[in-house]
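Student: Chain residues, written in single-letter form:
There are 2 protein chains.
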Amino acid sequence: MVFTKQQLLDFTRNVFSHCGMSESDASLCADVLVSADMRGIDSHGVARLSGYVRLHNSGRANMNPKWSVIHETPSTATIDADNGLGLAIAPKAMEIAIAKAEQVGTGWVAIQHSNHFGIAAYHALQATKHNMIGIAMTNASPLVAPTLSKERMLGTNPICYAFPAGKYNPIVIDMATSTAANGKLEIAQRQHKSIPKGWIKDKDGNDTQDPNALKDGGVLLPLGSGDTQAGHKGFGLSAAVDLFCGVLSGANYGPWVPPFVSFLDPLPNLPGKGIGHFVGAMRVDAFRPVTEFTKHIDQWIERFKKATPIDSNHPVIIPGEPEYLMETERQVNGVELNPMVANDLQQLAQQFQLTL
Amino acid sequence: MVFTKQQLLDFTRNVFSHCGMSESDASLCADVLVSADMRGIDSHGVARLSGYVRLHNSGRANMNPKWSVIHETPSTATIDADNGLGLAIAPKAMEIAIAKAEQVGTGWVAIQHSNHFGIAAYHALQATKHNMIGIAMTNASPLVAPTLSKERMLGTNPICYAFPAGKYNPIVIDMATSTAANGKLEIAQRQHKSIPKGWIKDKDGNDTQDPNALKDGGVLLPLGSGDTQAGHKGFGLSAAVDLFCGVLSGANYGPWVPPFVSFLDPLPNLPGKGIGHFVGAMRVDAFRPVTEFTKHIDQWIERFKKATPIDSNHPVIIPGEPEYLMETERQVNGVELNPMVANDLQQLAQQFQLTL
Numbered sequence: 003m004v005f006t007k008q009q010l011l012d013f014t015r016n017v018f019s020h021c022g023m024s025e026s027d028a029s030l031c032a033d034v035l036v037s038a039d040m041r042g043i044d045s046h047g048v049a050r051l052s053g054y055v056r057l058h059n060s061g062r063a064n065m066n067p068k069w070s071v072i073h074e075t076p077s078t079a080t081i082d083a084d085n086g087l088g089l090a091i092a093p094k095a096m097e098i099a100i101a102k103a104e105q106v107g108t109g110w111v112a113i114q115h116s117n118h119f120g121i122a123a124y125h126a127l128q129a130t131k132h133n134m135i136g137i138a139m140t141n142a143s144p145l146v147a148p149t150l151s152k153e154r155m156l157g158t159n160p161i162c163y164a165f166p167a168g169k170y171n172p173i174v175i176d177m178a179t180s181t182a183a184n185g186k187l188e189i190a191q192r193q194h195k196s197i198p199k200g201w202i203k204d205k206d207g208n209d210t211q212d213p214n215a216l217k218d219g220g221v222l223l224p225l226g227s228g229d230t231q232a233g234h235k236g237f238g239l240s241a242a243v244d245l246f247c248g249v250l251s252g253a254n255y256g257p258w259v260p261p262f263v264s265f266l267d268p269l270p271n272l273p274g275k276g277i278g279h280f281v282g283a284m285r286v287d288a289f290r291p292v293t294e295f296t297k298h299i300d301q302w303i304e305r306f307k308k309a310t311p312i313d314s315n316h317p318v319i320i321p322g323e324p325e326y327l328m329e330t331e332r333q334v335n336g337v338e339l340n341p342m343v344a345n346d347l348q349q350l351a352q353q354f355q356l357t358l
Numbered sequence: 003m004v005f006t007k008q009q010l011l012d013f014t015r016n017v018f019s020h021c022g023m024s025e026s027d028a029s030l031c032a033d034v035l036v037s038a039d040m041r042g043i044d045s046h047g048v049a050r051l052s053g054y055v056r057l058h059n060s061g062r063a064n065m066n067p068k069w070s071v072i073h074e075t076p077s078t079a080t081i082d083a084d085n086g087l088g089l090a091i092a093p094k095a096m097e098i099a100i101a102k103a104e105q106v107g108t109g110w111v112a113i114q115h116s117n118h119f120g121i122a123a124y125h126a127l128q129a130t131k132h133n134m135i136g137i138a139m140t141n142a143s144p145l146v147a148p149t150l151s152k153e154r155m156l157g158t159n160p161i162c163y164a165f166p167a168g169k170y171n172p173i174v175i176d177m178a179t180s181t182a183a184n185g186k187l188e189i190a191q192r193q194h195k196s197i198p199k200g201w202i203k204d205k206d207g208n209d210t211q212d213p214n215a216l217k218d219g220g221v222l223l224p225l226g227s228g229d230t231q232a233g234h235k236g237f238g239l240s241a242a243v244d245l246f247c248g249v250l251s252g253a254n255y256g257p258w259v260p261p262f263v264s265f266l267d268p269l270p271n272l273p274g275k276g277i278g279h280f281v282g283a284m285r286v287d288a289f290r291p292v293t294e295f296t297k298h299i300d301q302w303i304e305r306f307k308k309a310t311p312i313d314s315n316h317p318v319i320i321p322g323e324p325e326y327l328m329e330t331e332r333q334v335n336g337v338e339l340n341p342m343v344a345n346d347l348q349q350l351a352q353q354f355q356l357t358l
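Top to bottom, those sequences are chains A and B.
Numbered by our numbering, the letters in the first sequence go through residues 3 to 358 in order.
Numbered by our numbering, the letters in the second sequence go through residues 3 to 358 in order.
Computed footprint of chain A on chain B; a stretch qualifies when at least three of its residues, placed anywhere within it, have a C-beta under 8 Å from a C-beta of chain A:
#, segment
1, 218 to 228
2, 298 to 306
3, 310 to 322
Below, a sample of chain B positions facing chain A; criterion: calculated Cβ distance under 10 Å:
#, residue
4, Asn208
5, Gln231
6, His234
7, Lys235
8, Leu239
9, Asp244
10, Gly252
Hints are computed from structural coordinates only; laboratory data are not their basis.
C-beta atoms are modelled at their ideal positions from N, C-alpha and C, and glycine is treated no differently.
With these hints in hand, go ahead and build the complete structure from the sequences.
Tutor: Below is the structure:
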């Protein structure tokens with residue numbers, strides 16, 4: 003069940019090609035998807051490949067979109083992704099943001115009429131290669147209840163900030179704005195384990211530690227969880243992501259964001275088009291010289307690594323550090339896939355007469 | 003102990019004038035400070051006036067700064083605030099951001115060598131008056147420990163997003179990136195009450211519900227609190243604010259951010275100048291027509307107000323709504339000051355021979 007990065011890239015590219023995607027888009031989407039597996043974000047990697055194929059098969063996503071810039075200023079653009087995959091359009095949107103930042107200091111691109119874009123960190127990290135700060139966020143199908151509500155109104159709406167460093171890897175803050183991700187609940191369900199307090203409420207709005215309560219109509223909680231621990235702040239953050247990605251772009255928002263799973267239909271009377279993303283690139287030297295900035299980023303990292311630990315065996319972890327360690331390890335040892343995911347890929351291999 | 007808005011504005015302006023501030027800056031700083039009292043953020047309003055005066059008396063802040071733009075592109079600027087108050091420079095920085103957004107779609111201004119800027123919402127809301135999305139953040143004196151540490155390394159580092167609406171008030175997400183603010187702990191200390199789990203750790207890194215543990219060397223926890231509830235996400239957010247405000251601007255960052263209280267000296271060998279802020283303005287019509295955007299913001303608000311409540315007597319609260327209600331109420335009934343704060347103002351009145 004262990005695969006090299008190249009095996010996963012080749013297979014994913016071939017699957018997307020067989021769905022009618024252009025060679026360049028298939029390569030790009032494979033790169034985005036497999037980057038998640040390499041970084042240890044297994045829930046967002048090839049585990050989702052069959053989901054994208056089902057979106058294609060059900061006519062819910064367009065593998066050969068004619069995307070276009072529908073609105074533009076020197077530092078901004080809005081893209082209609084023509085119902086393509088976010089995996090394909092978000093990197094192009096970030097390229098536009100980077101080009102605008104090169105011209106006027108910063109670039110910001112809102113994307114409507116898209117589908118899921120993989121891990122936010124992939125997109126934000128493109129900017130750091132140009133000595134820019136990268137920002138990427140997306141809205142997503144509703145699973146999270148606002149504070150005081152028991153209704154699914156928001157996605158896990160992730161946001162990522164990536165800052166280039168000097169001698170270290172970029173600082174990468176990539177986080178769902180909910181307390182827990184759905185993937186962690188699925189693991190607890192499979193292992194028949196209870197989950198920590200503050201992750202979910204059941205369908206009646208009661209606190210519960212039963213991981214099955216989510217699929218039985220429950221809700222995820224925003225970051226901060228309950229009233230006493232400032233769950234309203236997580237709701238606010240998630241709302242901000244929804245407003246940038248959904249309302250500003252012209253995509254859907256709140257409970258209207260279309261489901262990723264192809265067996266659920268979108269709601270009627272949608273207020274926008276598809277799901278939405280928002281990306282930004284800020285040239286560091288639009289604010290201060292790059293060498294000064296990266297010197298201080300390095301000092302920031304070094305000082306935080308030395309912050310007095312509670313347990314001397316567990317020093318502070320810099321945001322993004324575990325993902326770099328995982329990537330280095332998987333470059334050497336390959337990616338061990340969960341048996342269910344490997345089986346999923348085998349079925350795709352049969353379907354498209356590919357070898358895995 | 004009840005004062006009208008105008009009384010508080012006049013008094014605050016007079017105090018700043020007596021500290022040597024120009025008439026226009028004194029008016030501006032009074033407007034920022036009193037806006038906090040009007041919105042019910044009592045901890046950030048005139049309660050802090052004597053603190054600013056002490057910063058002046060101790061030579062820690064410059065009431066008559068020669069601020070300047072030290073770096074600039076069409077969509078960005080960096081300001082050296084010349085050790086002035088953030089109350090005075092942040093509105094000017096936001097004006098520059100707005101002017102840049104008018105030219106190229108968005109404007110972003112980093113500020114170094116500043117002091118505390120009051121409530122972030124005041125600054126972000128300036129942008130909404132021009133049909134722009136406003137963003138404001140600041141770093142602050144260290145009180146918050148990163149995940150796995152028991153050392154004060156970050157401020158409560160607030161961030162604010164303000165989105166203009168159509169027939170409703172703007173949506174305003176204004177939040178410290180810690181679980182609890184210091185002000186809430188002070189209230190619990192005065193009332194000899196225990197505090198909820200997840201707000202602080204004691205000086206040895208143990209969980210505690212004793213509000214006095216903070217002043218005895220403890221730490222505030224980042225949003226999300228403990229390991230099981232994703233405190234590392236709050237740490238990441240707080241870090242992002244610190245990197246934008248401190249590292250990108252050339253201000254201090256992390257544990258080096260100078261203390262607000264004048265009886266504590268800044269650390270030696272500071273890596274930057276003063277504290278830092280970061281503000282941004284994004285023209286809505288740089289992405290889509292304003293009328294379309296505000297129509298959907300209104301629909302977002304209406305839909306979220308109707309989200310199924312857990313308790314039918316407590317519907318969902320839109321971010322910013324409680325502050326508007328408070329402002330409306332206090333416009334009519336005035337601001338009732340805490341006796342300690344009123345006493346503080348009386349002492350300032352004596353000191354400067356003013357009437358309150």
